[in-house]
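Undergrad: Model the placement of chain Z on the given structure of chain L, informed by the hints.
So the protein sequences, as listed, match chains L and Z. Letter by letter, the first sequence follows residues 1 to 548 in UniProt numbering. Letter by letter, the second sequence follows residues 1 to 548 in UniProt numbering.
One or more of the hints may lead you astray.
Which bits of chain Z does chain L cover? Going by a derived footprint, with three or more residues having C-beta under 8 Å, they are [stated by the list, open to error]:
| id | segment |
| --- | --- |
| 1 | 61-70 |
| 2 | 264-271 |
| 3 | 290-301 |
| 4 | 352-365 |
| 5 | 373-379 |
Chain L is nowhere near these chain Z residues, computed Cβ spacing over 12 Å in every case [as the list claims (entries may be wrong)]:
| id | residue |
| --- | --- |
| 6 | 111 |
| 7 | 134 |
| 8 | 176 |
| 9 | 227 |
| 10 | 236 |
| 11 | 237 |
| 12 | 307 |
| 13 | 327 |
| 14 | 341 |
| 15 | 344 |
| 16 | 382 |
| 17 | 383 |
| 18 | 415 |
| 19 | 416 |
| 20 | 517 |
The set of hints was computed from the structure by calculation and includes no laboratory data. In this text, a Cβ means the ideal position worked out from N, Cα and C, and glycines have one as well.
Protein chains: 2
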Amino acid sequence: MGGELSYVLSKLPMLSTSDYASVVSMNIFVALLCACIVIGHLLEENRWVNESITALLIGLCTGVVILLMSRGKSSHLLVFSEDLFFIYLLPPIIFNAGFQVKKKQFFVNFMTITLFGAVGTLISCSVITFGVMQIFKRMDIGKALEIGDYLAIGAIFAATDSVCTLQVLNQDETPLLYSLVFGEGVVNDATSVVLFNAIQSFDLKQIDHRIGLHFIGNFLYLFVASTLLGVLAGLLSAYIIKKLYIGRHSTDREVALMMLMAYLSYILAELWYLSGILTVFFCGIVMSHYTWHNVTESSRITTKHAFATLSFVLETFIFLYVGMDALDIEKWRFVSDRPKTSVAVSSVLLGLVLAGRAAFVFPLSFLSNLTKKSPSERISFREQVIIWWAGLMRGAVSMALAYNQFTMSGHTELRTNAIMITSTISVVLVSTMVFGLMTKPLIRFLLPVTHPPTSINIIGNIDSCHNSPKSITVPFLGGSQDSENDLDVNEIHRPNSIRALLTTPTHTVHRLWRKFDNTFMRPVFGGRGFVPVAPSSPTDQSGVQQWQ
Amino acid sequence: MGGELSYVLSKLPMLSTSDYASVVSMNIFVALLCACIVIGHLLEENRWVNESITALLIGLCTGVVILLMSRGKSSHLLVFSEDLFFIYLLPPIIFNAGFQVKKKQFFVNFMTITLFGAVGTLISCSVITFGVMQIFKRMDIGKALEIGDYLAIGAIFAATDSVCTLQVLNQDETPLLYSLVFGEGVVNDATSVVLFNAIQSFDLKQIDHRIGLHFIGNFLYLFVASTLLGVLAGLLSAYIIKKLYIGRHSTDREVALMMLMAYLSYILAELWYLSGILTVFFCGIVMSHYTWHNVTESSRITTKHAFATLSFVLETFIFLYVGMDALDIEKWRFVSDRPKTSVAVSSVLLGLVLAGRAAFVFPLSFLSNLTKKSPSERISFREQVIIWWAGLMRGAVSMALAYNQFTMSGHTELRTNAIMITSTISVVLVSTMVFGLMTKPLIRFLLPVTHPPTSINIIGNIDSCHNSPKSITVPFLGGSQDSENDLDVNEIHRPNSIRALLTTPTHTVHRLWRKFDNTFMRPVFGGRGFVPVAPSSPTDQSGVQQWQ
Numbered sequence: 001m002g003g004e005l006s007y008v009l010s011k012l013p014m015l016s017t018s019d020y021a022s023v024v025s026m027n028i029f030v031a032l033l034c035a036c037i038v039i040g041h042l043l044e045e046n047r048w049v050n051e052s053i054t055a056l057l058i059g060l061c062t063g064v065v066i067l068l069m070s071r072g073k074s075s076h077l078l079v080f081s082e083d084l085f086f087i088y089l090l091p092p093i094i095f096n097a098g099f100q101v102k103k104k105q106f107f108v109n110f111m112t113i114t115l116f117g118a119v120g121t122l123i124s125c126s127v128i129t130f131g132v133m134q135i136f137k138r139m140d141i142g143k144a145l146e147i148g149d150y151l152a153i154g155a156i157f158a159a160t161d162s163v164c165t166l167q168v169l170n171q172d173e174t175p176l177l178y179s180l181v182f183g184e185g186v187v188n189d190a191t192s193v194v195l196f197n198a199i200q201s202f203d204l205k206q207i208d209h210r211i212g213l214h215f216i217g218n219f220l221y222l223f224v225a226s227t228l229l230g231v232l233a234g235l236l237s238a239y240i241i242k243k244l245y246i247g248r249h250s251t252d253r254e255v256a257l258m259m260l261m262a263y264l265s266y267i268l269a270e271l272w273y274l275s276g277i278l279t280v281f282f283c284g285i286v287m288s289h290y291t292w293h294n295v296t297e298s299s300r301i302t303t304k305h306a307f308a309t310l311s312f313v314l315e316t317f318i319f320l321y322v323g324m325d326a327l328d329i330e331k332w333r334f335v336s337d338r339p340k341t342s343v344a345v346s347s348v349l350l351g352l353v354l355a356g357r358a359a360f361v362f363p364l365s366f367l368s369n370l371t372k373k374s375p376s377e378r379i380s381f382r383e384q385v386i387i388w389w390a391g392l393m394r395g396a397v398s399m400a401l402a403y404n405q406f407t408m409s410g411h412t413e414l415r416t417n418a419i420m421i422t423s424t425i426s427v428v429l430v431s432t433m434v435f436g437l438m439t440k441p442l443i444r445f446l447l448p449v450t451h452p453p454t455s456i457n458i459i460g461n462i463d464s465c466h467n468s469p470k471s472i473t474v475p476f477l478g479g480s481q482d483s484e485n486d487l488d489v490n491e492i493h494r495p496n497s498i499r500a501l502l503t504t505p506t507h508t509v510h511r512l513w514r515k516f517d518n519t520f521m522r523p524v525f526g527g528r529g530f531v532p533v534a535p536s537s538p539t540d541q542s543g544v545q546q547w548q
Numbered sequence: 001m002g003g004e005l006s007y008v009l010s011k012l013p014m015l016s017t018s019d020y021a022s023v024v025s026m027n028i029f030v031a032l033l034c035a036c037i038v039i040g041h042l043l044e045e046n047r048w049v050n051e052s053i054t055a056l057l058i059g060l061c062t063g064v065v066i067l068l069m070s071r072g073k074s075s076h077l078l079v080f081s082e083d084l085f086f087i088y089l090l091p092p093i094i095f096n097a098g099f100q101v102k103k104k105q106f107f108v109n110f111m112t113i114t115l116f117g118a119v120g121t122l123i124s125c126s127v128i129t130f131g132v133m134q135i136f137k138r139m140d141i142g143k144a145l146e147i148g149d150y151l152a153i154g155a156i157f158a159a160t161d162s163v164c165t166l167q168v169l170n171q172d173e174t175p176l177l178y179s180l181v182f183g184e185g186v187v188n189d190a191t192s193v194v195l196f197n198a199i200q201s202f203d204l205k206q207i208d209h210r211i212g213l214h215f216i217g218n219f220l221y222l223f224v225a226s227t228l229l230g231v232l233a234g235l236l237s238a239y240i241i242k243k244l245y246i247g248r249h250s251t252d253r254e255v256a257l258m259m260l261m262a263y264l265s266y267i268l269a270e271l272w273y274l275s276g277i278l279t280v281f282f283c284g285i286v287m288s289h290y291t292w293h294n295v296t297e298s299s300r301i302t303t304k305h306a307f308a309t310l311s312f313v314l315e316t317f318i319f320l321y322v323g324m325d326a327l328d329i330e331k332w333r334f335v336s337d338r339p340k341t342s343v344a345v346s347s348v349l350l351g352l353v354l355a356g357r358a359a360f361v362f363p364l365s366f367l368s369n370l371t372k373k374s375p376s377e378r379i380s381f382r383e384q385v386i387i388w389w390a391g392l393m394r395g396a397v398s399m400a401l402a403y404n405q406f407t408m409s410g411h412t413e414l415r416t417n418a419i420m421i422t423s424t425i426s427v428v429l430v431s432t433m434v435f436g437l438m439t440k441p442l443i444r445f446l447l448p449v450t451h452p453p454t455s456i457n458i459i460g461n462i463d464s465c466h467n468s469p470k471s472i473t474v475p476f477l478g479g480s481q482d483s484e485n486d487l488d489v490n491e492i493h494r495p496n497s498i499r500a501l502l503t504t505p506t507h508t509v510h511r512l513w514r515k516f517d518n519t520f521m522r523p524v525f526g527g528r529g530f531v532p533v534a535p536s537s538p539t540d541q542s543g544v545q546q547w548q
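Excised from the complex, chain L in its bound form (with noise of 0.2 Å):
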């Protein structure tokens, strides 16, 4: 009978191996990423290596494995898509970190991050051109680029990695530096895109004061509307939530609905054009501080694990692809007859960056110091280096932004955007590979006394594993008494100098915040202390019920 049964059937399961090529390449991408989780296991005790250097490693030993086995054909398993980076891979990344980050650091220092994420960016930006420009031009390389591929350099260069930033900085040891640093690289973000829109909407060759004035504008509409989009986003997903309790029917769909809210967030901002970074970094925020509240503990414990599971697993996916990318055979061809120019021309634009960045970062840091009226708030000279340091490396964003500018869909033909390319692959590397090994032994090396690691994190820990994401092991907007007296500690101190009245207002909109968030807010939108909770775990509930 099995006979009877033709060779037309021959189709039948092929369709789920109707790729063979691609079938082997996921094989090997996946069994590679459980050997970067192993190794970085193995590694997480060492004290240079971090996960991204070891997914790098791994991705560039692997391209060299595929080269070997290809006779020089090819490198890397799959094309470098730009799709792929921004719609899948970056907003789960992103929106996690606004999950898990500690709010009360990152909205004391809402204005320097603002500061260091908008003016910085252009100063470094402007610095980068600038010496792209001066530098190329007495080089071969400078005939065949035009004033708009320089501007694209200072661009790509001036830009933050977060998740670059991510890996080397840690939340819970640096606080400060890392609310700076990961804060500057999300409103980067909003920064390139009012970029766009301020350049495409207005005449560029009267340059004049209305532009300057133009572009303010932009980038408060576009940064105010982003951040609202994701605001609203995250507390309709907690009204919902509350109004439906939704968990006692199915823990599994309010976990499946903060997911979709979330991501729908990011495409609505790309769909209006806005910052989606921005809008799914609020989102997430938001997200934390009223909707995680009102969902079911099995719940909680599963949002806080998967959403960060999620974005480790995507952020060694990424590392692990620049890695294997780096290797891509089609762009070093064009480089290899002439080495030194190519090295040249990275060692630029390494220098370029270490320049443009330390352009913004101290002077920006002694005018956010104007501001602050306490000595111990105020960013150190060993912290601004680190801020300086830290922030120094370029990641998949500028190799997105580098091959969208200087390949037609991951190819090109022409010597000069290869050499562009791999000089790009080359700061990648270079910057992730020497600046994220430093990082660590540089704070422990400028900042050894201040943040003894033992004794905080295991306090934190235990307390964010049971109680909250990790942000809310410094409650800032969860209204708790520990918070409150923090704030009045600082208050007793009056104003009494142009310092002191600057800082008051932090504290001022901060304490009204409080209140309009206890009076308005969390009785609609829920939050911690707000949903009542059922004597017996809100788990065993959601299952009772569903057979009605």
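TA: Chain Z only, in chain L's frame:
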């Protein structure tokens, strides 16, 4: 300064919205998924509707809206892709089913399940193929179809859709029926792969007894190899996590490793032309028996709910998608001139599906009952009716197979092929809606006393939420005292008839397995009670050491 950064930056942020249309579709899709979840929650207490029907209806309505808005040009947002379905959507669903399945029920009924899945599918396939050949030849569409098409139709409509089964049958209410129908769906897949392999390797001109033997041999090889691969992947994950004690450093790594290893097993099976569905199902079973007990408490909660959530979202996605795809105007245009033919074809197919399933459920149940000792273990006639009825649904798998057979990458120009596609869609819609809507009431009507839902499930769920995935509510392989007592009771009745002699092996195998498991397997691979848990929750410890 902003103006200076010229229009060339214009490309940069655009890459995140490179394909505006696809961003629009994704927005609609994600928003609809959210709507499905909320509406599904509101309809939870409705006794007729289930989640899949809600999603299907929402998909249909959206299809109508899009059809009207695009003025009859298009009705779906994404083209149905078999790769998307088989490589991304199906594996997590089947893995989760294995992860949460009641292992006792599954293994006690293993022989019956295999009988249904292997022999039953062949019978059903033959009935449908033969019926279609006889009837279609008398209709005008018979001319364009070849023998291969008939055989394909048989295969398309013979396979029970595991995803649909998950939605209509409830593991806790009707464990026997669930394990039989769902297990059959899993074994189905192996049958179709072996059919394909058998047909490819043999000369179909010479049909003799050797083909039957080869066929059986191939089926056994495929079944054993796929199962073994899944078991090995599961054991490897258990061993790695137990040996390295990954939870010590990071909960996220454990969850990531479980996810990735499960997925790796699926794509490895695809790579080696095995049955990925069977592999990932057994990987899920092994992971819930060993690996799940080796991870930290928070990883347990996370994996249990995250896998269930993922599976739930993907199931909803599939039904939404099938609903939206159903109105694909391209195919219906061919049919519109002669609507009677399409209705006739759909009716014939639906009738043959009913007949084909009846042709094996009742005879094979009779055979299976012959081997059962006590009347309580036998499949009653009423249960047979439910098995027959609940397995009638045809879903996304049938759609995917039909698209593969009758279209070229989603499009067709042949009228007969268009009729086959639209008929498949009709059968899928009608079977899912009608049979789906009727299953819950039918079960309530036919089995009113046997399973009082509330009392059983309150206990079952509280237990399962706290200690284990659902599977361990009725521990079979867990070595608990309860299941041991169960078996002793059974074995008090010494073999006193042919049926009893045939039953004993199952229980003997079970006891031997439990001994083997306790003596050899669990000390190596962990599992319940074999992983030392520190007095404080492992969650705390996992965080503490992250900074060293």
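Undergrad: Is the coverage entry for the segment 264-271 of chain Z by chain L consistent with the three-residue Cβ rule at 8 Å?
TA: Answer holds; 5 residues pass the 8 Å Cβ test.
Undergrad: Verify that the Cβ of residue 415 of chain Z lies farther than 12 Å from every Cβ atom of chain L, and report whether the claim holds or is violated.
TA: holds (19 Å)
Undergrad: Classify the label on residue 383 of chain Z as holds or violated, using whether its beta-carbon is more than 12 Å from each beta-carbon of chain L.
TA: holds (19 Å)
Undergrad: Check the non-interface label on residue 111 of chain Z: least C-beta distance to chain L beyond 12 Å or not.
TA: Correct as stated: the minimum Cβ-Cβ distance to chain L is 21 Å, above 12 Å.
Undergrad: Minimum C-beta separation from residue 236 of chain Z to chain L exceeding 12 Å: can you confirm that?
TA: It is violated; residue 236 of chain Z is separated from chain L by about 10 Å at its closest Cβ, not greater than 12 Å.
Undergrad: Check the non-interface label on residue 344 of chain Z: least C-beta distance to chain L beyond 12 Å or not.
TA: holds (23 Å)
Undergrad: Minimum Cβ separation between residue 134 of chain Z and chain L greater than 12 Å?
TA: At about 15 Å from chain L, residue 134 of chain Z clears the 12 Å cut-off, so the statement holds.
Undergrad: In terms of beta carbon proximity below 8 Å, does the segment 373-379 of chain Z have 3 or more residues touching chain L?
TA: It is violated: at least three residues are needed, and the segment 373-379 of chain Z offers just 0 whose Cβ sits closer than 8 Å to chain L.
Undergrad: Could you check that no beta carbon of chain L comes within 12 Å of the beta carbon of residue 227 of chain Z?
TA: Check passes; 17 Å lies beyond 12 Å.
Undergrad: So residue 176 of chain Z supposedly isn't at the interface. Is its beta-carbon more than 12 Å from every beta-carbon in chain L?
TA: holds (17 Å)
Undergrad: Please check whether the beta-carbon of residue 341 of chain Z is more than 12 Å away from every beta-carbon in chain L.
TA: holds (23 Å)
Undergrad: Just double-check residue 382 of chain Z for me: nearest Cβ-Cβ distance to chain L has to come out over 12 Å.
TA: Residue 382 of chain Z clear of chain L: closest Cβ-Cβ about 20 Å, beyond 12 Å.
The structure is inconsistent with the numbered hints 1, 4, 5, 10, 11, 12, although it conforms to all the rest.
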